[in-house]
Amino acid sequence: MSTQPSQHPGLNLGAPHAEAHSANEEFVFGFWVFMMSDLIIFGLLFATYVTMLGGQAGGPGPSDLFEMKSAFIETMLLLVSSFTFGMASLSLKYREDKKWLIIWLLITLVLGLAFIGHELLDFNKMFDKGGVPSRSGFLSAFFALVPLHGLHVTSACIWLLALLGQIAVYGLDTNVKVGLTRLAILWHFLDIVWIGIFSLVYLGGLA
Amino acid sequence: MSGKTLSNERAQERASELKNYIVGFILALVLTLIPFGLVAFTDISRMQLYGVIGLCALIQIIVHFRFFLHITLARNKREDLQLILFSVLILAIMCGGTLWIIFNLYTRMIPSLAL
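Protein sequence lines, in the order shown, are assigned to chains A and B.
Per this note's numbering, the very first residue in the first sequence carries number 1; after that it's consecutive.
Per this note's numbering, the very first residue in the second sequence carries number 208; after that it's consecutive.
Wrong hints could be hidden among the right ones.
[What the hints assert, rightly or not] Quick list of in silico lysine-lysine cross-link-like pairs, DSSO-like style, CA-CA up to 27 Å: (1) A/K99 / B/K226; (2) A/K69 / A/K129; (3) B/K284 / B/K226; (4) B/K226 / A/K98.
[As the list claims (entries may be wrong)] If you anchor each label on the Cβ, the simulated ranges turn out as follows: (5) B/I308 / A/V110: 42 to 50 Å; (6) B/E286 / A/G171: 42 to 50 Å; (7) B/S252 / A/G117: 33 to 41 Å; (8) A/L121 / B/L296: 20 to 28 Å; (9) B/G261 / A/D38: 17 to 25 Å; (10) A/A168 / B/L296: 38 to 46 Å.
FYI, nobody ran anything at the bench for these hints, they're computed from the structure.
Note that beta-carbon positions come from the ideal geometry of N, C-alpha and C, so glycine has one too.
Please model the complete structure; the sequences and the hints are all you need to start from.
This is the structure we're talking about:
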């Protein structure tokens, strides 16, 4: 084989999935364009957050509100879910039992939901300490940035549920495969955004 | 583990891609543990800490792109890579400009707020 096998989560369906493979190429590129618009939104919210760090108006600051332990747990949940989604992508590509694909997807879904639940508990604790979005410019910027990421993870979980439903109804047809490869991009990408959040917001605030 | 048996070549390809994901996961794990560990258990100066956190985040982002999203220098990924690099350039101009202008305003108008 002279051609290098493509490893893109979108393009890597390979020869046995010929139809889905070619349908994927432009869908995946288009999806990358969409993800890049998301990157710009998150990037500018990061910049807004940094400019607002000084605007605490005497309210609670990062060291009063953030907890290292919960930031660490959330980071681990998201990192492991990214890995399990990778395992699901491999199961799809190498046409293993549908059972394994679904098991990996379900583990990913549970980890994603655990992340959201943990984040909501975290926000709840912040509210108890007086860290509400309307308290200061700093808190407004925080609640524009971090829950937007949580909202993305929530939508990704809903999308994953919808795909599981499609697998149940239609089996692994072209549309389902193309959907799974695009969701993989979103899922891994959200993990990258979280790297920025835990580094800049949580660790930067607690350092 | 697999329902159908794979041909030898496909099985090898699968093993190498699996290794790819595991290497990426371990690298990401280490690059997460370093900054968290430093912030939690040491008291080195704040500026050094910011440097290490930023560097680890940057490397980890590249690790995620390389091992999880498979964005490499290979020719068939060139378009995706160019799209990402162009978006990062636009983002750098917009973020850099925002920070430059706002902090300039801070220092000129409310010196006490300058960070």
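Hint check:
1. A/K99 / B/K226: Status holds; Cα separation ~22 Å.
2. A/K69 / A/K129: holds, 17 Å
3. B/K284 / B/K226: Holds, because 20 Å separates the two Cα atoms, which is no more than 27 Å.
4. B/K226 / A/K98: Within the cut-off at roughly 22 Å; holds.
5. B/I308 / A/V110: 42 to 50 Å: About 44 Å separates the Cβ atoms of B/I308 and A/V110, which means 42 to 50 Å holds.
6. B/E286 / A/G171: 42 to 50 Å: violated, 31 Å
7. B/S252 / A/G117: 33 to 41 Å: holds, 36 Å
8. A/L121 / B/L296: 20 to 28 Å: For A/L121 and B/L296 the Cβ distance comes to about 38 Å; the hint is violated.
9. B/G261 / A/D38: 17 to 25 Å: Taking Cβ atoms as reference, B/G261 and A/D38 lie about 22 Å apart, which means the hint holds.
10. A/A168 / B/L296: 38 to 46 Å: holds, 43 Å
Checked against the numbered hints above, the structure violates hints 6 and 8; every other hint is satisfied.
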